[in-house]
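Trainee: Sequence:
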Amino acid sequence: MFNSHAFTLEAKHVAKWDNEVDQLQFSYNGEALEIPEGHLSEWKSPKLDLIVERTSNKNSVTVTLPEVAEISINVVPVTEQDDKFRFFGISPEVEGVLGRTYRPAFKNPAKPGVAMAVVGGEDKYRTTSLISSDCTSCKISPAGAVKKDNSLVMDYGTLDCSRGINGGNGLVCKK
Numbered sequence: 003m004f005n006s007h008a009f010t011l012e013a014k015h016v017a018k019w020d021n022e023v024d025q026l027q028f029s030y031n032g033e034a035l036e037i038p039e040g041h042l043s044e045w046k047s048p049k050l051d052l053i054v055e056r057t058s059n060k061n062s063v064t065v066t067l068p069e070v071a072e073i074s075i076n077v078v079p080v081t082e083q084d085d086k087f088r089f090f091g092i093s094p095e096v097e098g099v100l101g102r103t104y105r106p107a108f109k110n111p112a113k114p115g116v117a118m119a120v121v122g123g124e125d126k127y128r129t130t131s132l133i134s135s136d137c138t139s140c141k142i143s144p145a146g147a148v149k150k151d152n153s154l155v156m157d158y159g160t161l162d163c164s165r166g167i168n169g170g171n172g173l174v175c176k177k
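Going by the numbering used here, the final residue of the sequence shown carries number 177, and the count climbs one at a time with no gaps.
The set of hints was computed from the structure by calculation and includes no laboratory data. Warning: the hint list may mix true and false statements.
Claimed, not checked - No farther apart than 30 Å at their CA atoms in a straight line, the calculated lysine-lysine pairs in the BS3-like style are these: (1) K109 / K60; (2) K18 / K60; (3) K49 / K18; (4) K60 / K46; (5) K60 / K49; (6) K60 / K14; (7) K113 / K126; (8) K126 / K109.
This structure is a prediction, so every number in the text was calculated from the model and none was measured.
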């Protein structure tokens, strides 16, 4: 989905979750990709324009497209609590059927209690495949080309949940 390459990362569909089993699957240009289990093992594309690094022994990786994006992924069994998007930085011009709902000035056109309508026309988001970037609204570009003053980057800091409540600021850590 970048340059002329396609990369996919999937969580395996399993009947029963087991944290001791790696549930990640990868492919590069349609070929299965094996990244050894183990903290900090990594795979790099031939041109070094894609890096996948394990951040724990199983089920966690960081995917980096240098100067474009860095994505941290932790695969967990999905519960209602886990089924949420968390963004560390997003452009106020974000596009897409879901993405536009995260714009700062987004107003929901649907009445409360009514299913959310698709925002924008089908023609804006049609692609030749799920991993293709040929839709008219695709805005992937190198970090140097993006307006830095338009970014909604937020510093979340570091939170240590191992020390009890004496240094807390009204935060509760839960797993």
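Trainee: Going back to the hint list, which numbers does this structure go against?
Mentor: Hints 1 and 3 are the ones this structure does not satisfy, whereas the remaining hints hold.
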